[in-house]
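K.L.:
Spelled out from the first residue to the last, the chains are:
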Amino acid sequence: MNAEGRSGARPRTLVLALGHPDRGDDGAGPAVARRLRARLRERQVIGGSASGRVEIRELPGEATEILAAWEGFERVIVIDAVRSGARAVPGAVHRLATGDVPADWKTSPSSHGLGLGQALALARTLDRLPPALTIYGIESGSFEPGTGLTPSVERAVERVADELAARVVGRPVMV
Amino acid sequence: MSHRPDTNAPSVEKTSTGTRRIEVDVLARVEGEGAMRLVLDGDRVEEVELRIFEPPRFFEGLLRGRRFTEAPDVTARICGICPVAYQMSSCHAMEAICGVTVDGPDRPLRELRRLLYCGEWIESHALHIFMLHAPDFLGYESALHMAADHPELVERALRLKQTGNDLMALLGGRAVHPINVRVGGFYRIPDRRDLLALVERLERGRDESLETVRWLAGLDYPDFERPYELVALRHPDEYPMNEGRLVSSAGLDIPVSAFEDHFEETHVERSNALHCRLVERGAYFVGPLARYGLNRDRLSPVAREAADEAGLEPVCRNPFRGILVRAVEMLYAFDEALRILSEYDEPERPFVPVEPASGVGHAITEAPRGILYHRYRIDDEGIIREARIVPPTSQNQETIEDDLREFAGAHLHLPDDRLTWLCEQAIRNYDPCISCATHFLKLEIERK
Numbered sequence: 001m002n003a004e005g006r007s008g009a010r011p012r013t014l015v016l017a018l019g020h021p022d023r024g025d026d027g028a029g030p031a032v033a034r035r036l037r038a039r040l041r042e043r044q045v046i047g048g049s050a051s052g053r054v055e056i057r058e059l060p061g062e063a064t065e066i067l068a069a070w071e072g073f074e075r076v077i078v079i080d081a082v083r084s085g086a087r088a089v090p091g092a093v094h095r096l097a098t099g100d101v102p103a104d105w106k107t108s109p110s111s112h113g114l115g116l117g118q119a120l121a122l123a124r125t126l127d128r129l130p131p132a133l134t135i136y137g138i139e140s141g142s143f144e145p146g147t148g149l150t151p152s153v154e155r156a157v158e159r160v161a162d163e164l165a166a167r168v169v170g171r172p173v174m175v
Numbered sequence: 176m177s178h179r180p181d182t183n184a185p186s187v188e189k190t191s192t193g194t195r196r197i198e199v200d201v202l203a204r205v206e207g208e209g210a211m212r213l214v215l216d217g218d219r220v221e222e223v224e225l226r227i228f229e230p231p232r233f234f235e236g237l238l239r240g241r242r243f244t245e246a247p248d249v250t251a252r253i254c255g256i257c258p259v260a261y262q263m264s265s266c267h268a269m270e271a272i273c274g275v276t277v278d279g280p281d282r283p284l285r286e287l288r289r290l291l292y293c294g295e296w297i298e299s300h301a302l303h304i305f306m307l308h309a310p311d312f313l314g315y316e317s318a319l320h321m322a323a324d325h326p327e328l329v330e331r332a333l334r335l336k337q338t339g340n341d342l343m344a345l346l347g348g349r350a351v352h353p354i355n356v357r358v359g360g361f362y363r364i365p366d367r368r369d370l371l372a373l374v375e376r377l378e379r380g381r382d383e384s385l386e387t388v389r390w391l392a393g394l395d396y397p398d399f400e401r402p403y404e405l406v407a408l409r410h411p412d413e414y415p416m417n418e419g420r421l422v423s424s425a426g427l428d429i430p431v432s433a434f435e436d437h438f439e440e441t442h443v444e445r446s447n448a449l450h451c452r453l454v455e456r457g458a459y460f461v462g463p464l465a466r467y468g469l470n471r472d473r474l475s476p477v478a479r480e481a482a483d484e485a486g487l488e489p490v491c492r493n494p495f496r497g498i499l500v501r502a503v504e505m506l507y508a509f510d511e512a513l514r515i516l517s518e519y520d521e522p523e524r525p526f527v528p529v530e531p532a533s534g535v536g537h538a539i540t541e542a543p544r545g546i547l548y549h550r551y552r553i554d555d556e557g558i559i560r561e562a563r564i565v566p567p568t569s570q571n572q573e574t575i576e577d578d579l580r581e582f583a584g585a586h587l588h589l590p591d592d593r594l595t596w597l598c599e600q601a602i603r604n605y606d607p608c609i610s611c612a613t614h615f616l617k618l619e620i621e622r623k
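Listed in order, the protein sequences are those of chains W and G. Letter 57 of the first sequence, counting from 1, is numbered 57 in our numbering, and no numbers are missing. Letter 304 of the second sequence, counting from 1, is numbered 479 in our numbering, and no numbers are missing.
Mixed in with the good hints, there may be bad ones.
Reference excerpt, derived from the structure (chain G facing chain W, CB under 8 Å, subset only) [stated by the list, open to error]:
#1 Gly-255
#2 Leu-302
#3 Met-306
#4 Leu-313
#5 Tyr-315
#6 Ala-322
#7 Ala-323
#8 Val-329
#9 Glu-330
#10 Arg-331
#11 Ala-332
#12 Leu-333
#13 Ala-458
Cβ-to-Cβ under 7 Å is the rule here; a few derived chain W residues that face chain G [unchecked claim]:
#14 Asp-22
#15 Pro-60
#16 Ala-121
#17 Leu-122
#18 Ala-123
#19 Leu-126
#20 Gly-146
#21 Thr-147
#22 Gly-148
#23 Thr-150
Honestly, the hints are just simulated from the structure, not real lab data. We put the CB at the ideal spot given by N, CA and C, even for glycine.
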């Protein structure tokens, strides 16, 4: 994608992948971002019109950076690794719209900050939620440093990346 | 990464003497989260133990076998809030081994490194001051609760942090895990116009930082002090970031290459972190209070005057006032960034070429949280054979425990929930990486 050709119009959709690639399944978000870019290249969606309508970004997941990242976008899709409880199966994919996320959803923040749950709560308080927000939560197995993705999580990553690729196909993409 | 609430039910063990031992374990494998153990016997604090789960030897292991040029990229991943500190320490250590100094005709590169570090101090201190610690002083459970009543404080934090991040992104290529930093300098020098375009926001940030110092000066601080040995870099001309000798308030004055002669690490079984101590005198104290106490005369006039106006004594040993010192440093970082830009000379080349040479090299730079030591041994092909990284938070660990022992001991008369909250605040004085896990470092105290 040649950014110099951009007309200056802001991309309308942000795909925001949260997580840390060095910590096992916490790398699920960044893995989705990588696969999504690859899928879109395969479909030769990259390099469409110069104005760029979708942006893909990766962040560790600190709350203030999330708020800064999604400012100005009309539609935001967040991908993050989650642990929703003892009975949840690694690789399960939860899809939440803004209204589905409980107001008191606590997160396990990494050392990098306050986390997605806090970002959502803060955004609500400050009236900084994007007009449209979807969250893909990929149920995780392990966050052990130095390990890769659990196989079932890896499969979930591919499913989510495929689904997002289908959603954005036909739109020019900034990667 | 996120998960649903609170699986941290504390375990309580009651011994035959009636001493209660409370342990609160958190997700042990997650970097940066911690656990606290406090044992009280009647009106005495019998034991205090802080466990910090740092990304330990994993990264040191990751570095072995890699090319020396990869050290800045790999170590930047250790901390999402202070990647630049890791890059700077690793670059300087590698340059030391290879006999390269980024200065002289390449002084503009040296200044750009300092400018990058200003960006990191700004974003790290802004995050700590407003989002992690101010809620404690204002009586809120969290920044979120504070935001409901004081959205303007959080908006200010976002603005200041964003300015710091944008400065980092401009120089580093990305605010998170900057990719433009390399041994010898940078891969690409940013456009002069892009740098100067930041001036207006930096000026606003400087103004807001001064307001922040004034606001913080009016808050109530617990009366608490211990005779810490402060340890920081000291430089002949400037408030220290990348260069200097290592000095202390007890007379230490050594080149950074002598760090291991004077500091030793002992492995403590309960934690992945190593306890770092001065060989001769034990626990010590690093971070903004140490830098300030040892380098106050190197602050720029506006920062020094703000410190004076705020009633900050020349050497401050009250760790609760760390938030105020961080605000002074944030002000200094904006001021220094503006100075660098006003004197900016475009570098003739983006980096000094560095040829590998076998040997050992050391470097210490001042991360937002304190001195960060790196040592490497590389071979003549530039392959890393050994790596040693000592982060500031682990250097403060014993001091934090000692603080808690004394602080808890002096406040045992308080109700448990109040005491718990005060102890958590005492830990946050040090802005350790775990401080972000405000809901997960629970100090629970039970008494007979």
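K.L.:
All hints are to be evaluated individually against the structure, with a verdict given for each.
P.N.:
Taking the hints in turn, this is what the structure says about them:
1. Gly-255: For Gly-255(G), the interface hint holds, since the closest Cβ of chain W sits about 3 Å away, which is under 8 Å.
2. Leu-302: Status holds, d = 6 Å.
3. Met-306: holds, 6 Å
4. Leu-313: violated, 15 Å
5. Tyr-315: violated, 12 Å
6. Ala-322: holds, 5 Å
7. Ala-323: holds, 5 Å
8. Val-329: The hint holds - Val-329(G) has a Cβ within 8 Å of chain W, the shortest such distance being about 6 Å.
9. Glu-330: holds, 7 Å
10. Arg-331: violated, 11 Å
11. Ala-332: At about 7 Å, which falls below the 8 Å cut-off, the nearest Cβ of chain W leaves the hint on Ala-332(G) intact, so it holds.
12. Leu-333: holds, 6 Å
13. Ala-458: violated, 23 Å
14. Asp-22: Given a least distance of 6 Å, the restraint on Asp-22(W) holds.
15. Pro-60: Constraint on Pro-60(W) satisfied, holds at 4 Å.
16. Ala-121: holds, 5 Å
17. Leu-122: Constraint on Leu-122(W) satisfied, holds at 6 Å.
18. Ala-123: violated, 10 Å
19. Leu-126: holds, 5 Å
20. Gly-146: holds, 5 Å
21. Thr-147: violated, 10 Å
22. Gly-148: violated, 14 Å
23. Thr-150: violated, 13 Å
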